[in-house]
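*Asks:* Sequence:
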Amino acid sequence: MKIAVINETSAADRNADILAALEGCGHTIMNAGMTRSGAAPELQYIHTGLLAGLLLHLSRVDFVVGGCGTGLGFMNAAMQYPGVFCGHILAPLDAWLFAQINGGNCISLALNQGYGWAADVNLRFIFDRLFSVESGAGYPPHRREPQKRSRETLALISTVTHRPWPRIVADLPDDVLLPALSYPGIRELVEVSSIQDAKLRVALQGRAGW
1 MKIAVINETS AADRNADILA ALEGCGHTIM NAGMTRSGAA PELQYIHTGL LAGLLLHLSR
61 VDFVVGGCGT GLGFMNAAMQ YPGVFCGHIL APLDAWLFAQ INGGNCISLA LNQGYGWAAD
121 VNLRFIFDRL FSVESGAGYP PHRREPQKRS RETLALISTV THRPWPRIVA DLPDDVLLPA
181 LSYPGIRELV EVSSIQDAKL RVALQGRAGW
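Position 160, counted from 1, in the sequence shown is what this note's numbering calls 160; the numbers after and before it change by one each time, with no gaps.
Please note that the accuracy of each hint is not assured.
Simulated pairs of lysine to aspartate or glutamate, EDC-like, Cα-Cα distance not exceeding 20 Å [what the hints assert, rightly or not]: (1) K2 - E134; (2) K2 - D62; (3) K148 - E134; (4) K199 - D171; (5) K2 - E191; (6) K2 - D17; (7) K199 - D174; (8) K148 - D94; (9) K148 - D62; (10) K2 - E23; (11) K2 - E188; (12) K2 - D128.
Note that these hints are calculated values from the structure, not bench results.
Please work from the sequences and hints to get the whole structure.
*Replies:* The structure is reproduced here in structure tokens:
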């Protein structure tokens, strides 16, 4: 699995803790957000939510680990985009249940509020539980089928209720789109020339100047 870690400005200094907690998990980790506070351009959660949606849509990554001070801002920002199913994860049990019941592709962590003694250990426990079970397997087991149907229905709802990505890229304000797309490493990760959707490729090239 390819996992993107996307930190925003208020939680930039937690980036090293997240990477350390993911070490040895057996997945490919892509550090796509801020690695230290004060770096430019400064990514707010509105920018990291956009990056999460775009990277998942393009299948550049399979899963996104994000967050902010409380975890709520990033979660709401990310779920403005089609195909993003994000959970607000505070504890290992949240992660374990979210993976099985909701089968999501993104989590949002509270990286300032309540981030105290042994918080780095809690992160490792969260990732241990998150990736220890089959995504969407269902819990308890006798609820597997109705939960699977609900997850499939949610994916359909997300498609119906969101704009197509070419329209999203074309219509977003500069102060939302450009800081995200100009962040170091994002151009290489997106690989715009390889995007199969011609309209999305043209939209990204036109707005980002790629």
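*Asks:* Taking the hints in turn, state whether each one holds.
*Replies:* Verification of the supplied hints:
1. A C-alpha spacing of about 16 Å is found between K2 and E134, which places the hinted pair at or below 20 Å, so the restraint holds.
2. The hinted pair formed by K2 and D62 meets the criterion: a straight-line CA distance of about 5 Å does not exceed 20 Å.
3. Simply put, K148 and E134 have alpha-carbon atoms about 12 Å apart, close enough for the 20 Å limit, and the pair holds.
4. Between K199 and D171, the direct Cα distance comes to roughly 13 Å. Compliance with the 20 Å bound is thereby established for this hinted pair.
5. Distance restraint check for K2 and E191: the Cα-Cα separation of roughly 15 Å lies within the 20 Å cut-off, and the hinted pair is therefore satisfied.
6. Between K2 and D17 the CA atoms are separated by roughly 18 Å; this keeps the pair inside 20 Å, and the hint holds.
7. With a CA separation close to 19 Å, the supplied pair K199 and D174 stays within the 20 Å bound.
8. Restraint check for K148 and D94: satisfied, since their Cα atoms lie roughly 18 Å apart, inside the 20 Å limit.
9. Of the supplied pair hints, the one linking K148 and D62 holds, its CA atoms being roughly 19 Å apart against a limit of 20 Å.
10. Distance restraint check for K2 and E23: the Cα-Cα separation of roughly 13 Å lies within the 20 Å cut-off, and the hinted pair is therefore satisfied.
11. This hinted pair checks out: K2 and E188 have alpha carbons roughly 15 Å apart, not beyond 20 Å.
12. Of the pairs offered as hints, the one joining K2 and D128 holds, with about 16 Å between alpha carbons and a cut-off of 20 Å not exceeded.
Comparing the model with each numbered hint stated earlier shows that all of them hold.
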